[in-house]
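Participant: Residues per chain, in single letters:
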Amino acid sequence: MTVEGRPLEDTELHDATLIGRARAGEVMAYEELVRRYQDVAVRTAHLLAPDGDAEDAVQDAFVKAHAALPRFRDGAPFRPWLLRIVANEARNRRRSAGRRVGLALRAAEDRRPGDAAPSPESAVLADETRATLLAAVNALRAEDREIIAARFFLELSEAETSEVLGLPRGTAKSRLSRALGRLRERLAVEAGGDR
Amino acid sequence: MTEPRMPLHVLPDPALEDALRGLGSSLAIPAVRAGPDDPAARAGRRIAEAGGSLPMLRAWRLRRSLVLAVAAVLVIAAVAAAVGLGLPGLRFVFGDPPPVPSTSPTPTGPVGPPGSGLGLGTAVSVAEAVRAAGFDLRLPTDPTVGPPDAAYVASFGAVSLVWEPAPNLPATAFGGVGLLITEFRGDVDEGYFEKALHFDAVVTRVTVGGERGYWISGPPHFFIYLDPRGEPVEDSRRIVGDTLVWTDGELTLRLESALGMEAALGLAETFE
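Those protein sequences? They're chains H and U, same order as listed.
The numbering used here numbers the first residue of the first sequence as -9 and each following residue consecutively.
The numbering used here numbers the first residue of the second sequence as 33 and each following residue consecutively.
Careful: at least some of the hints might be erroneous.
Said to hold, decoys possible - Taking lysine to aspartate or glutamate pairs in the DMTMM-like style, the calculated list, with each CA pair at most 20 Å apart, reads:
id	chain 1	residue 1	chain 2	residue 2
1	H	K163	H	E150
2	H	K163	H	E145
3	H	K163	U	E49
4	H	K163	H	E133
5	H	K54	H	D43
6	H	K163	H	D134
7	H	K54	H	D29
8	H	K163	H	E148
9	H	K163	H	E180
10	H	K54	H	D64
11	H	K54	U	E81
12	H	K163	U	D50
13	H	K163	U	D45
14	H	K54	U	D69
As the list claims (entries may be wrong) - Covered by chain U, according to a simulated footprint, are these stretches of chain H (three or more residues, beta-carbon under 8 Å):
id	stretch
15	25 to 37
16	51 to 63
17	117 to 126
I should point out that these hints are in silico values taken from the structure, not numbers from a laboratory.
All residues carry an ideal CB built from backbone N, CA and C; glycine is no exception.
Throw the hints in and build the complete structure from the sequences for me.
Facilitator: Set out below in structure tokens:
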């Protein structure tokens, strides 16, 4: 289904073309549009509801986004708009499953077949440090975890983060700052209280 | 070299943020492989089943009825019109550039016989393909090409033969495939293949064994099979490269390769 070695066109221009065709009823164009973002969509769903089936959540979100496509504002970036729908779907699943926390983000050392390979940069973080940091992130409440995940695990921009999580820009900024503060507190406790 | 370990909670903000990014990239997250069962495709099927796919196909089909005369070489510029042309069981539709997948290339690992993963149908032996075809398969008699390395029979009756890359069959964009030939009876089945071509595609009219054909080159195009109701057969849909299509009696044949037009035509002339 893929072609190697072909330079990507300008992303937004290309998105706009596909959006136009998808709105005209071309499902194939819609598929190609969302396929461009399904990797980050699955990451988003997994980070927000790691116990669920991220691919199913993404699939449902893609169907919902298709129905919402007439309301997409022309000229706006498509990726955060789509990821917001994915994020909402993942959160709804998490809530309806009745799991308040249940966060099970795993580090890649217990990778299973089919998981994405860890990137070289992850190797710079010592295993022990990573485990400590992961435990502290996992122990945060959902609201804090989500914004840290959006900003640093998904590496979304500030603007994208606020759109995906449905927060005003200022709120996203202050929430992130408070979340990092609470993360530090957790880490300090782990480190033996020498704050 | 190990850097001095500073407790995480006293790291300056940028360092803590870097550590979080590093953690993010080391998280075990299920990988998605683009393909006919990825979330995009599954969502697409659900949307199509709910009736979402039909407007475009209907619209295209209406415009397609405005069949224009085919010039010797059609260079289709970006005009808002479709040109219908084709061969028995095969129709071409011009449209906007087919989307280029941004995902990883086709896996080349030992996942199956060459051509598996292209949605060609069920892998069978060549002998089984000959039996299942219901028509006399045409095969290249060029001795440098030899017998196919894999054969597939699709639910809709097409037979595909795949050769691995060889010195005289350069690899195509699909890992492990040097030559792909698909044969089907365009006259008996009400279904048909549809090639959705990029406006920039160049279609050159050719003859093979005295019968008409087309050489399609340029940007990759979609190749899909529509059933008698006009519904796309999902598994048949994929992106393909340079292709020669021609007829031989009741058969329509397509040859996909990285050979270029002259060599592809030369090879096609050896089919018996």
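Participant: Now look at each hint and say whether the structure bears it out.
Facilitator: Consistency of the hints with the structure:
This hinted pair checks out: K163(H) and E150(H) have alpha carbons roughly 12 Å apart, not beyond 20 Å. Distance restraint check for K163(H) and E145(H): the Cα-Cα separation of roughly 14 Å lies within the 20 Å cut-off, and the hinted pair is therefore satisfied. With a CA separation close to 14 Å, the supplied pair K163(H) and E49(U) stays within the 20 Å bound. Of the supplied pair hints, the one linking K163(H) and E133(H) holds, its CA atoms being roughly 13 Å apart against a limit of 20 Å.
Our distance criterion of 20 Å between C-alpha atoms is met by K54(H) and D43(H), whose separation comes to about 17 Å. Between the alpha carbons of K163(H) and D134(H) the distance comes to roughly 12 Å, so the proposed pair stays at or under 20 Å and holds. A distance of roughly 18 Å separates the Cα atoms of K54(H) and D29(H); the hinted pair therefore holds under the 20 Å criterion. With a CA separation close to 7 Å, the supplied pair K163(H) and E148(H) stays within the 20 Å bound.
Only pairs whose Cα atoms come within 20 Å are accepted, and K163(H) paired with E180(H) is rejected, the gap being roughly 26 Å. Using a Cα cut-off of 20 Å, the hinted pair K54(H) and D64(H) holds, with the two alpha carbons roughly 18 Å apart. The suggested pairing of K54(H) with E81(U) holds, with an alpha-carbon distance near 14 Å, which does not exceed 20 Å. Our distance criterion of 20 Å between C-alpha atoms is met by K163(H) and D50(U), whose separation comes to about 18 Å.
Taking the CA atoms of K163(H) and D45(U), the gap is about 14 Å. The hint holds against a cut of 20 Å. Restraint check for K54(H) and D69(U): satisfied, since their Cα atoms lie roughly 18 Å apart, inside the 20 Å limit. Residues of the stretch 25 to 37 of chain H lying with their CB closer than 8 Å to a CB of chain U number 9, which satisfies the three-residue condition for coverage. For a cut-off of 8 Å, the count of residues in the stretch 51 to 63 of chain H with a CB near a CB of chain U stands at 3, and the three-residue condition holds.
Beta-carbon proximity to chain U at under 8 Å applies to 6 residues in the stretch 117 to 126 of chain H; the threshold of 3 is reached and the given coverage holds.
In the structure shown, a violation is registered for the earlier hint numbered 9 alone.
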